[in-house]
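Residue numbers (the numbering used here), protein chains in the order written: chain U, -10 to 279; chain D, -10 to 279; chain P, -10 to 279; chain Z, -10 to 279.
Honestly, the hints are just simulated from the structure, not real lab data.
Some clues are possibly wrong.
One copy or any two copies: either way a pair holds, since identical chains are not told apart in the list.
What the hints assert, rightly or not - Here are the simulated BS3-like cross-link-like pairs (lysine-lysine), alpha carbons at most 30 Å apart as the crow flies:
(1) 118 x 103
(2) 41 x 103
(3) 41 x 22
(4) 22 x 104
(5) 22 x 103
(6) 104 x 41
Next come the chains, spelled out residue by residue.
There are 4 protein chains.
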Amino acid sequence: MAATDEHRTNWGRWGDADERGTLNLLTPETVAKALARPRSGRVFSLGTPIGKRGVNTPGRNPTWHVTTTVEDPHAPGNGRAEDVLVLHTHAHTHIDGLAHGWFDGTIYNGIDAKKAVGRGGSNVAGVDKYGPIIGTALLLDVTVGRDPFEPGEPVTADALEQAAARADIPAAEADIVLVRVGWTELFWSDRERYESGSPGLSPEATEWVAALDPAVVGMDTSAIEPQPAPPGVHPLAVHRRFLHDLGTPLIESLALAEPGAAGVTSGLFVATPLNIERGLGSPLNPVLVA
Amino acid sequence: MAATDEHRTNWGRWGDADERGTLNLLTPETVAKALARPRSGRVFSLGTPIGKRGVNTPGRNPTWHVTTTVEDPHAPGNGRAEDVLVLHTHAHTHIDGLAHGWFDGTIYNGIDAKKAVGRGGSNVAGVDKYGPIIGTALLLDVTVGRDPFEPGEPVTADALEQAAARADIPAAEADIVLVRVGWTELFWSDRERYESGSPGLSPEATEWVAALDPAVVGMDTSAIEPQPAPPGVHPLAVHRRFLHDLGTPLIESLALAEPGAAGVTSGLFVATPLNIERGLGSPLNPVLVA
Amino acid sequence: MAATDEHRTNWGRWGDADERGTLNLLTPETVAKALARPRSGRVFSLGTPIGKRGVNTPGRNPTWHVTTTVEDPHAPGNGRAEDVLVLHTHAHTHIDGLAHGWFDGTIYNGIDAKKAVGRGGSNVAGVDKYGPIIGTALLLDVTVGRDPFEPGEPVTADALEQAAARADIPAAEADIVLVRVGWTELFWSDRERYESGSPGLSPEATEWVAALDPAVVGMDTSAIEPQPAPPGVHPLAVHRRFLHDLGTPLIESLALAEPGAAGVTSGLFVATPLNIERGLGSPLNPVLVA
Amino acid sequence: MAATDEHRTNWGRWGDADERGTLNLLTPETVAKALARPRSGRVFSLGTPIGKRGVNTPGRNPTWHVTTTVEDPHAPGNGRAEDVLVLHTHAHTHIDGLAHGWFDGTIYNGIDAKKAVGRGGSNVAGVDKYGPIIGTALLLDVTVGRDPFEPGEPVTADALEQAAARADIPAAEADIVLVRVGWTELFWSDRERYESGSPGLSPEATEWVAALDPAVVGMDTSAIEPQPAPPGVHPLAVHRRFLHDLGTPLIESLALAEPGAAGVTSGLFVATPLNIERGLGSPLNPVLVA
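Could you build the full structure based on these sequences and the hints that come with them?
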């Protein structure tokens, strides 16, 4: 585990030309360890539905799913159908590219944002550089034993600490840190509440996670930060900390209700971003094997 | 292994209401076995790039990748960028839904095609019913020790048999059967040859694979069948056999050059179709861990 | 004017190879007459907004309007912005191609629908065959002097007759017949009422219009027919009559409130469908000059 | 006619809140005059095809035209088909919005570009403010009596002057100035030449046109400026002059071969941009009536 220093960054840690940030922490050794984690072989799908009921990421257009059908003119009763998709890569369950956000003119590794991002997308650190993500996940379900979170409510470092204490692996063994606040599922069950904001990591909680030196961080909200932002906290503070300072990809809008209900606290995590050249993000359907 | 009977179907095998076909063969037990396969922990990404250099599936429009950028008006130097994607689900590396093709008016399990597919997509057996795909892959590289395949050339059952004899697991232990003919990579190295057609499974080879009773079949061509079709062979014969008769999803346009070059013949295979409600297919970036 | 015969069709009227239907009625002579119609030079725009407030055609996806921005890296303060549009051609104010609908296996002129429409669009009678539409418009405002229409309420032949009697040109001189029922504007002022259906032409009213032998028919609803359809009336009866039998393009969702409020009953009408090769329809922003 | 002063701008000419620039010059009186121009009633369509053969604007993605088909399940032989379009507003024949380009931080009328253009598009001076464009067109065909233009070759003020001398109306009576260099048609007949650049207005020619104080300027190239730019000339000099300084919309990629071949030098021009809220441009299919 790295030092718990809020001024720590990973700039230069893997060289000036690095485009993968903390994904460099995933090695054949950590992959082998992760593959050995599952006990039951039970499989959880962590991606939210892409469909008619709307897009669970504020400010993005509803995804188009258009069906095209062709009958074989020479063989009545034969035909085929396909889909056309129009979607934001930062809608539904998705992973942020390292160039998705910039702060004070730079992205991760100190790269000039004007060079990093252009008309053709992510000139450096695109999601096509990520490759498959395979690791040991720690699932911190902070909804256990308490009232539902409120929009804008911070998840504290204490809450994470307590959830970690309930987990069946030491937090230090986690490659991927997932935090569950019970939010993604509200999109279908209580749209009004869902749209009023979301809980998110407090600055201390952010540092608590950062200190674990994770390869990837994910949450079941569309923002990771509390929304609306508490007084004095930058609304993109967590994005800045992970994407910009630490080069740690964020996964948003994860569907964590099922593994949460099953009491799963760790497992094998696999996510395979689409190989989008110069992509600034990718839709994703991660899997957790407990 | 099921009987090698070209009239065999899987209709009714998992009940009349089944929508997942041979994916039912993937169980916690087969998942656990598959997770134990990898020896080196080396990870191969099997999805082709989605980008400016074109779409490697004939007849589909080039994918759009549009970048949107927003500067924070209150904080110069801060901003974010995202992508918009417009794509066919049956372009690039993708998995076919079981309702993607119909023959004699029916899809898998004898469901009336007119009921199965409508304006909203796949009313039954959509890709959202697939869930994560985790299993033991057998990689049959039939390019070994021979001249390059020609467009339209059939891959014979013998060739598969010989490739299987070179594999480091018995064919019978495979959940997923992947066939490599050395084609996907031609899209970038020899566009003209790529577009002139592709090799594909002969009817006997199709039955050879079917007899293994695989959960999923994949190949490094955009069609699985030989293109153009040999005389007397239906151009969609393999699709009919797997999707329609056996309920076996097909994965097309896999990038198999890297594991092929590394001599990999088996491993853990993970693919997570996007959770597209009523989807007739999904883009995919499968991973093979050797 | 042609005979008022509900069995009359225009099949063959302009030859078996015709793809433009009643647009053939627009000639340099009718264009010259139409250009001489305006008295005040006042210009009315008849297209509804394409924007964030939704798509006023039931069953279509909301139009995407994505903004892309590029700063000139060599000249701070210089840059440009553009839009990407994703839209249905049959959303917003639009014109139907003659192959948009088929009945008993045929489109206009008796062409086999399976030949007329394929994967690439409208193999015959596409909107790219329409060309610019310039003619004398008769605007029949049937809302005058009565209570608002109800959803599903038929517009009668009598109502059209009375509106025609109020017009400042004889109905027989009209190239384009526009009917106003006061509906399009409800999309913004009373969404619930708008979505509950719409008034439309009764079978007798349809024949009354057909007897005028118009080149084009337009209305301020998304359907022309009453929605929901009255008992015993086919929900696409007007489409069948005009598109299929008579080869008369229909324009839907016209914004007619402004010319209606101004008491305009005739004028020069210009509409220029986009030159979409094989298009089955086109968005449109017609203009009326009074 | 306004003074021929290259430092002249139209900022403030129609008030500080104006969003329509020189379109304000189109009045009921000029409309009435324009309607009286045509002699033959012959109609020319000036929009290029939107189709499979590509997009004739460099740097834009090929337009998608997807066909969707629905059979009526209750009435065999009945059905309907529609299109989905995905396109850049600045592809094919199109009109630029006044906020399409900014220079030294401002757009037309001195509006701060950062306020004028945002994530939702054109906050001021969007194409939805344009309304229908009806006026007298002067068509200056500078290809007459000379060798074909070369890519990057400037169109001189002299060439415009001579073309104007051949026209059947005085240049001063024109509302809309169209310049033909014979380029748009090369996209289909000589793709290589088309893509190597295009002729365009020289600085003096730009001022010659500007001195006519036109409402709109159009050309049969995708850029108006010479491409590549001659030494010492800014590659967007014409855009700057018309959009930014003068508030004059530009129409690009006009199809002028037909009226050119017919010797047409003036006529009624009608163009109706789509009513795209906050649009930065619009596809267009203008019409010229001679």
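Against the structure, the hints:
1. 118 x 103: within (19 Å within a copy, 33 Å between copies)
2. 41 x 103: The answer is between: 21 Å across copies meets 30 Å, while 36 Å in one copy does not.
3. 41 x 22: neither (39 Å within a copy, 37 Å between copies)
4. 22 x 104: For residue 22 and residue 104, the Cα distance exceeds 30 Å both inside one copy (38 Å) and across copies (46 Å).
5. 22 x 103: This pair counts as neither: shortest intra-copy Cα distance 39 Å, inter-copy 48 Å.
6. 104 x 41: Only across copies: residue 104 and residue 41 sit 19 Å apart there, 37 Å inside one copy, limit 30 Å.
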